[in-house]
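There are 2 protein chains.
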Amino acid sequence: MTQAHDTKQRLLDTAQKLFYARSYEDVGVQEICREADVKKGSFYHFFPSKRDLTLDMLDASWKEFRETELPAVFASDIPPLQRLERFLDMQYRHHKAVKEQTGQVLGCPYGNLAGEMSTQDEAIRERVLSIFRDLEAPIEAVLAEAVTAGDLEKLDTRATAAAMVAYIEGLTLLAKTHNDPEVVRTLGPAMLNLVVPVSEG
Amino acid sequence: MTQAHDTKQRLLDTAQKLFYARSYEDVGVQEICREADVKKGSFYHFFPSKRDLTLDMLDASWKEFRETELPAVFASDIPPLQRLERFLDMQYRHHKAVKEQTGQVLGCPYGNLAGEMSTQDEAIRERVLSIFRDLEAPIEAVLAEAVTAGDLEKLDTRATAAAMVAYIEGLTLLAKTHNDPEVVRTLGPAMLNLVVPVSEG
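Chains as they are written, first to last, in the numbering used here: chain V, 910 to 1110; chain C, 910 to 1110.
Hints listed in this document are in silico derivations from the structure and should not be mistaken for laboratory results. Please note that the accuracy of each hint is not assured.
[What the hints assert, rightly or not] Computed, partial: chain C to chain V, Cβ under 10 Å:
| hint | residue |
| --- | --- |
| 1 | Gln1010 |
| 2 | Val1014 |
| 3 | Glu1031 |
| 4 | Ala1032 |
| 5 | Thr1057 |
| 6 | Gly1059 |
| 7 | Lys1063 |
| 8 | Ile1077 |
| 9 | Leu1083 |
| 10 | Val1092 |
Small disclaimer: the values here were computed from a predicted structure and weren't measured. Using N, Cα and C, we set each Cβ at its ideal position, and we do this for glycine too.
Could you build all of it, start to finish, from the sequences and the hints given here?
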């Protein structure tokens, strides 16, 4: 049972690494099995298809990020707006480290899948959408806290959080296109200006 | 000669349509030829590879957009900041029309390629990068004009234009992930708050 769990995990980790470095369509089940050192029959024992593996992979990787990275970044040891700066800094350090390891800025693993697969696979599109919404939640909470503390004028916290997620995704795509993590460092702080006012009526 | 030109153009148009609806990797030369009603030998007479066709396609489609759509959007018949609003409105109307035609928000054809191919093909990455830079130019000019007119405080016009392009790309990706063009309409105007101050020293 432990061995089965290890095999499944190895398939998930390998697929994640390969998709992130290239793309979903460019990586087939055969390559995932070869890289993970798992027989093809074993793959289909765990996953009916590459798409099913991908949905499990998204769930697992997002769960880890949400439960470990996000609480640390959004911890209330510093004032709310500084937490957004810490979040941007985490993004920058991630892309810098990935570039040092691979020679490339790989972008956002969720944004990459959304861009490539949203028109081709409804289940993948919806899964990434729920991840984007999940990411908006702590940003929205920080904005609400900043408004209460008087650090920000009253604003539409929900729409502003969505705008900030859009900006991070766009910035990450721009950094990938430049193959330069410095794009995130230099343009990131402008995110704090993205304010959607409370709509009237 | 006219016939050859027609054939080549049909291959370019067909590839553009198919890539935009799905992805680069999901569409092969065979399908492009079938849809364009062109023999495979004829394809390779015009293009050594799918990648070469793609570079030509990017050049041609961007040239058309830059020479027809952009001058109309950024024409000086209205104050500078209103031109940015007109640009956002053009984006929204485009995604709305595409959704009505196809049932889907297809995203940005350049951003899609950048996200999928930047780590896999240097020539495609560089071509899309030069398109992003080209798009920054009229935005930068509008910002400079707005500063001169006193509509904006002094700012780093170049960095702000890059931040705005990042935001548009991210917003487009978010709209694609929601499969909803309204994302562009509701969150678009926040782009005008994205200001990168002039750096000191």
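Hint check results:
1. Gln1010: Given a least distance of 13 Å, the restraint on Gln1010/C is violated.
2. Val1014: With Cβ-Cβ at 8 Å, under 10 Å, it holds.
3. Glu1031: Holds, because the Cβ-Cβ distance from Glu1031/C to chain V comes to roughly 9 Å (cut-off 10 Å).
4. Ala1032: Given a least distance of 13 Å, the restraint on Ala1032/C is violated.
5. Thr1057: Interface hint status for Thr1057/C: violated (21 Å vs cutoff 10 Å).
6. Gly1059: violated, 19 Å
7. Lys1063: violated, 15 Å
8. Ile1077: Cβ of Ile1077/C sits 7 Å from chain V, so the hint holds.
9. Leu1083: holds, 5 Å
10. Val1092: holds, 8 Å
In summary, the numbered hints that this structure violates are 1, 4, 5, 6, 7.
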